[in-house]
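Undergrad: First to last, the protein sequences are chains Y and F. Counted from 1, the first sequence has number 523 at position 172 by the working numbering; the numbering is strictly sequential. Counted from 1, the second sequence has number 185 at position 147 by the working numbering; the numbering is strictly sequential.
It should be emphasised that the hints constitute simulated quantities derived from the structure, not laboratory data. Note that the coordinates shown come from a computational prediction; the quantities given were computed from them, not determined experimentally. Don't take every hint at face value.
[What the hints assert, rightly or not] The list that follows gives simulated cross-link-like pairs (lysine to any residue, SDA-like), each with its CA atoms no further than 25 Å apart:
#1 388(Y) - 217(F)
#2 473(Y) - 147(F)
#3 388(Y) - 54(F)
#4 100(F) - 356(Y)
#5 54(F) - 147(F)
#6 473(Y) - 217(F)
#7 136(F) - 356(Y)
[Said to hold, decoys possible] Footprint (simulated), chain Y over chain F, 3 or more residues, beta carbon under 8 Å:
#8 44 to 57
#9 60 to 66
#10 146 to 153
#11 165 to 173
By construction, the Cβ of each residue, glycine as well, lies at the ideal position given by its N, Cα and C atoms.
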Amino acid sequence: MSLFSRMIVVLTSVGILSGGFLASVGLLTKKRIALNKQREIENAIFLVVPGTHSIQKLYEEKDLVLYGGIEEEGKILGYAIQASVVGFQDKITFMFGTNITITKINSLTIIEQKETPGLGAKITSHEFFLQYWKNKNCSGSLSLKRPAVSSADELSASEVNTITGATISSEAVLNSVNKSIEKLKTLKEGRKLNIKGENAS
Amino acid sequence: MPVKTVGEEFTKGLWKENPIFRQLLGLCPTLAVTNAVINGIAMGLATTFVLVLSSIVVSSIKKVIPPQVRIASYIVIIATFVTIADRFLAAFFPPISKNLGPYVPLIVVNCIILGRQEAFSSKNTVGRSLVDAFGMSSGFIIALLVLSTIREILGAGTFLGYQVLGSWFEPWIIMILPPGAFIALGILLGLANKIEQLSKSRS
Numbered sequence: 352m353s354l355f356s357r358m359i360v361v362l363t364s365v366g367i368l369s370g371g372f373l374a375s376v377g378l379l380t381k382k383r384i385a386l387n388k389q390r391e392i393e394n395a396i397f398l399v400v401p402g403t404h405s406i407q408k409l410y411e412e413k414d415l416v417l418y419g420g421i422e423e424e425g426k427i428l429g430y431a432i433q434a435s436v437v438g439f440q441d442k443i444t445f446m447f448g449t450n451i452t453i454t455k456i457n458s459l460t461i462i463e464q465k466e467t468p469g470l471g472a473k474i475t476s477h478e479f480f481l482q483y484w485k486n487k488n489c490s491g492s493l494s495l496k497r498p499a500v501s502s503a504d505e506l507s508a509s510e511v512n513t514i515t516g517a518t519i520s521s522e523a524v525l526n527s528v529n530k531s532i533e534k535l536k537t538l539k540e541g542r543k544l545n546i547k548g549e550n551a552s
Numbered sequence: 039m040p041v042k043t044v045g046e047e048f049t050k051g052l053w054k055e056n057p058i059f060r061q062l063l064g065l066c067p068t069l070a071v072t073n074a075v076i077n078g079i080a081m082g083l084a085t086t087f088v089l090v091l092s093s094i095v096v097s098s099i100k101k102v103i104p105p106q107v108r109i110a111s112y113i114v115i116i117a118t119f120v121t122i123a124d125r126f127l128a129a130f131f132p133p134i135s136k137n138l139g140p141y142v143p144l145i146v147v148n149c150i151i152l153g154r155q156e157a158f159s160s161k162n163t164v165g166r167s168l169v170d171a172f173g174m175s176s177g178f179i180i181a182l183l184v185l186s187t188i189r190e191i192l193g194a195g196t197f198l199g200y201q202v203l204g205s206w207f208e209p210w211i212i213m214i215l216p217p218g219a220f221i222a223l224g225i226l227l228g229l230a231n232k233i234e235q236l237s238k239s240r241s
C-alpha cells in the first residue's frame, strides 16, 4: 500500500472508530444529563414556592420561564420565575418564587453563574445574599441597599442588601427580578398565562 | 541511555520529570481550576483517565500509524477520551462538571497528554507506557493538590469545603482569583528549583 493511501486509511478508521464510540457514549449519558438539568430546575421550584406538589410551565421566552407551583388539590400556590441576566462576567441564571397575588417574594436561588470567586460568586451564598431575598414585598419595585448593611433587620420590606465589592452582580439580579415581576404582572392581567382551569373560566 | 526499571519509570513523573514543577506542561488547567481542592482532584482524575487510556491506545497502534499523520491521530484519540470524561462527569457528577466548566473539554489540548504520546507512548511498549502515564498523572495530581490546598486555605479559609481557619482569618480573596494562581505557582516553582539545586550540589 502506498504511503498516501495508508495515511487515508489510518486517519479514516481512527475517525470512524472514535465517532462510533462517542455516539454510543452520547446515547448512554444523554438521558441522565437531561434528567439532571430537569431535576435541578424542579428542586429550585420546590424551594422557592414551598408546598408545591406538581409543576406547570406557564410561559416561556428568551431568558425568562414562568412556572406555576401547584398544590396537591390542583390549586396554584404561586409563581416560580426563572430568569437569566448578564452579570459581571457571564450569564447568571436564577429562580425566585412569588405568592399567587405577586405581592411577596418567597425566596431566591441561583441556578448557574460564573461570577468572580470570592466576590460576585457570593450571590450563591445564603449569608451574603440569598437570605436578604426572603419574604420581600414586591408590590412595587425592589431596590438595593447601598452601602451594604450587616443585618436583615436594617432593610425595609422592599430593600435587598448589596454584596460589598460586587455591586454589578447584585444589581444585575435585582434589575432582572424587577423586570420579570413587571412582565409576570402584565402577563397575568392580560390572561396570557397558560394556567389550567383558571383561563378556561 | 540506560534502560529504566519499571519503578523508575513511575517515579520520574513524581519529581524528576514532574509535569508541572519540572516540565512546566499543562499550566492552563493548573492555574485555572486550582481555586478549590475538590476541583483540583476532579481535574487530576479526569486527566489521569484520558492520559492512561490514550497511552494504551497510542502505544498499541503505534506501528500502524504513518508518522506523517501521527499528531492528527493522537489528537482524535485524546479527544475521544476527553469527550467521554466530559459526558461522564456531566451525567454522574453535575456539580463538579459545572465547576470545571470548559476546562474538561480543554484537556484535549493539555500538553502533558499529547507530550507523553509523542515523547513516550509512540516509542515504548504498552506496559511501559501505562506505567509512565500513571507516574505522570500522579505527579500532576500531586502538583494540583499542593497548589489548590494553598489557594483554598489562604483564599477561603477552608479545605475541601470544611472551615480550617477560624473566624479571625480574613480570606485573601486574591488567592482564589487568577493572580493568586500565578503567585502561588511562581513561589512553588522557585522552591522546586531550589530543592533541585540543593540536591544536585549535595550529590
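Undergrad: So if I understand the rule, the pair passes when the alpha-carbon distance is 25 Å or less; does residue 473(Y) with residue 217(F) pass?
TA: Given pair residue 473(Y), residue 217(F) holds - Cα atoms ~19 Å apart, limit 25 Å.
Undergrad: Please verify whether residue 473(Y) and residue 147(F) have alpha carbons no more than 25 Å apart.
TA: Distance of about 31 Å is beyond 25 Å: violated.
Undergrad: Please verify the coverage claim for the stretch 165 to 173 of chain F: does it have three or more residues whose C-beta sits within 8 Å of some C-beta in chain Y?
TA: Since 0 is below three, the answer is violated.
Undergrad: If you count the residues of the stretch 44 to 57 of chain F with a beta-carbon closer than 8 Å to a beta-carbon of chain Y, do you get 3 or more?
TA: violated (count 0)
Undergrad: Holds or violated: residue 388(Y) and residue 54(F), Cα atoms, limit 25 Å.
TA: violated (44 Å)
Undergrad: Quick one: see if chain Y covers the stretch 146 to 153 of chain F, three-plus residues with Cβ-Cβ under 8 Å.
TA: violated (count 0)
Undergrad: Are the Cα atoms of residue 388(Y) and residue 217(F) separated by 25 Å or less?
TA: At roughly 33 Å apart (the allowed maximum being 25 Å), residue 217(F) and residue 388(Y) break the hint.
Undergrad: Please work out if residue 54(F) and residue 147(F) have their alpha carbons no farther apart than 25 Å.
TA: holds (23 Å)
Undergrad: Is the coverage entry for the stretch 60 to 66 of chain F by chain Y consistent with the three-residue Cβ rule at 8 Å?
TA: violated (count 0)
Undergrad: Between the alpha carbons of residue 100(F) and residue 356(Y), is the straight-line distance 25 Å or under?
TA: Roughly 17 Å separates the two Cα atoms, so the pair holds.
Undergrad: Given the hinted pair residue 136(F) and residue 356(Y), is their alpha-carbon gap at most 25 Å?
TA: Measuring from Cα to Cα gives roughly 43 Å; hence the hint is violated.
In this structure, the earlier hints numbered 1, 2, 3, 7, 8, 9, 10, 11 are contradicted, and the remaining ones agree with it.
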